[in-house]
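All residue numbers for the sequence shown refer to this note's numbering, where the first residue is 335 and numbers rise by one.
Incorrect hints may have been included.
Only pairs whose alpha carbons sit at most 20 Å apart, straight line, appear in this in silico SDA-like list of lysine to any residue [stated by the list, open to error]:
1. Lys557 x Asp417
2. Lys557 x Ala385
3. Lys557 x Ala464
4. Lys557 x Ile423
5. Lys557 x Gly418
6. Lys496 x Ile558
Across the chosen pairs, the derived CB separations fall in these ranges [unchecked claim]:
7. Ile558 x Tyr356: 26 to 36 Å
8. Val389 x Lys557: 40 to 50 Å
9. Ser426 x Ala388: 46 to 56 Å
10. Leu352 x Ser426: 14 to 24 Å
11. Met371 x Met528: 30 to 40 Å
12. Pro382 x Gly554: 20 to 30 Å
13. Ala413 x Gly527: 44 to 54 Å
14. Pro508 x Met546: 42 to 52 Å
15. Val389 x Phe368: 21 to 31 Å
16. Phe368 x Phe543: 26 to 36 Å
Just so you know, these hints were derived from the structure itself, not from any lab.
We put the CB at the ideal spot given by N, CA and C, even for glycine.
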Amino acid sequence: MMPVSLYRALGGLLRRDLLLAYRHRGDIANPLVFALMVIALFPIGLGPERASLAVLAPGLVWVVALLACLLSVDTMFRADYEDGSLEQILLSPHSPYLLSLTKIFAHWLVAGLPIALLSPLLAMMLSLPAEGYIALFFSLLIGTLSLSLIGAIGAALTVGLKRGGLLVALLVLPLYIPVLIFGVSTVHAAVQGMAYSGYLAILGALSLFALMLAPLAVSGGLKIHLEG
Numbered sequence: 335m336m337p338v339s340l341y342r343a344l345g346g347l348l349r350r351d352l353l354l355a356y357r358h359r360g361d362i363a364n365p366l367v368f369a370l371m372v373i374a375l376f377p378i379g380l381g382p383e384r385a386s387l388a389v390l391a392p393g394l395v396w397v398v399a400l401l402a403c404l405l406s407v408d409t410m411f412r413a414d415y416e417d418g419s420l421e422q423i424l425l426s427p428h429s430p431y432l433l434s435l436t437k438i439f440a441h442w443l444v445a446g447l448p449i450a451l452l453s454p455l456l457a458m459m460l461s462l463p464a465e466g467y468i469a470l471f472f473s474l475l476i477g478t479l480s481l482s483l484i485g486a487i488g489a490a491l492t493v494g495l496k497r498g499g500l501l502v503a504l505l506v507l508p509l510y511i512p513v514l515i516f517g518v519s520t521v522h523a524a525v526q527g528m529a530y531s532g533y534l535a536i537l538g539a540l541s542l543f544a545l546m547l548a549p550l551a552v553s554g555g556l557k558i559h560l561e562g
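Whenever a hint applies, use it, and build me the whole structure from the sequences.
What follows is the structure, given as structure tokens:
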């Protein structure tokens, strides 16, 4: 059973990160506005034919969601690193694995979850058939967790660099590809009337695998920068 002190520490860290995110609401809105703007431009660039948009919709929504999450990954640990609070968090007597996981979960709540909730609107803008809405939502709900976990590794490895945004993208984009492939395949299967639970299971497995390894890599990467 989780000790009371650890439960309070994790709960306090989660509340702190969510409160900071609320105070900087523009940082939360930026990925959502980016997603809406890009999706709104696709019908202009590709033409208004609903059939053509419907074919491309799953891939377009998933790519936009991936890029929107990537926009906010670089800032996951940077503010705490610059004001010194990250060092205090890692020097606490509590598990660095759980502390890192709590910060990643906070990022997903303010970056990944809103994209998943917004996905029906994005799908509607691209004329995606109604059969794909539920599959798109659940694929993004599960897949964006993987994006946050994988992105946290890149953010931790570059937290001490002044311009680490591009490096983060280079580090994590190759690891994002499996999530992107199975996320798009889930929606395509649903639109074609096929069973898509297998694709969702693979996305879930990817998230569980990242859940086991990513916090370890994150805590190790952060300690390297703090000790350097």
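How the hints compare with the structure:
Our distance criterion of 20 Å between C-alpha atoms is met by Lys557 and Asp417, whose separation comes to about 16 Å. Distance check on the hinted pair: Lys557 and Ala385 sit about 51 Å apart at the alpha-carbon level, beyond 20 Å; violated. For the given pair, Lys557 sits about 47 Å from Ala464 by alpha-carbon distance, which is inconsistent with the 20 Å threshold. Taking the CA atoms of Lys557 and Ile423, the gap is about 11 Å. The hint holds against a cut of 20 Å.
A threshold of 20 Å between alpha carbons decides the hint, and for Lys557 with Gly418 the separation of about 13 Å falls inside it, so the pair holds. Taking the CA atoms of Lys496 and Ile558, the gap is near 16 Å; set against the 20 Å cutoff, the hint holds. In this structure, Ile558 and Tyr356 meet the distance hint of 26 to 36 Å, their C-beta atoms being roughly 31 Å apart. For Val389 and Lys557, the hinted distance range of 40 to 50 Å is satisfied, since their beta carbons lie about 47 Å from each other.
Ser426 and Ala388 have their C-beta atoms about 51 Å apart, which keeps the hinted 46 to 56 Å range intact. Hint check: Leu352 to Ser426, Cβ distance near 19 Å, so the stated range 14 to 24 Å holds. Taking 30 to 40 Å as the suggested C-beta distance range, the pair Met371 and Met528 conforms, at roughly 32 Å. Distance hint for Pro382 and Gly554: a CB-CB separation of about 50 Å, inconsistent with the stated range 20 to 30 Å.
The supplied range of 44 to 54 Å is met by Ala413 and Gly527, whose beta-carbon atoms lie about 47 Å from each other. Between Pro508 and Met546 the Cβ separation comes to about 20 Å, which falls outside the hinted range of 42 to 52 Å. Checked against the hint of 21 to 31 Å, the pair Val389 and Phe368 passes, with Cβ atoms roughly 23 Å apart. A C-beta distance of roughly 28 Å is found between Phe368 and Phe543, which places it inside the suggested range of 26 to 36 Å.
Hint compliance for this structure: hints 2, 3, 12, 14 are not met, and every other hint is.
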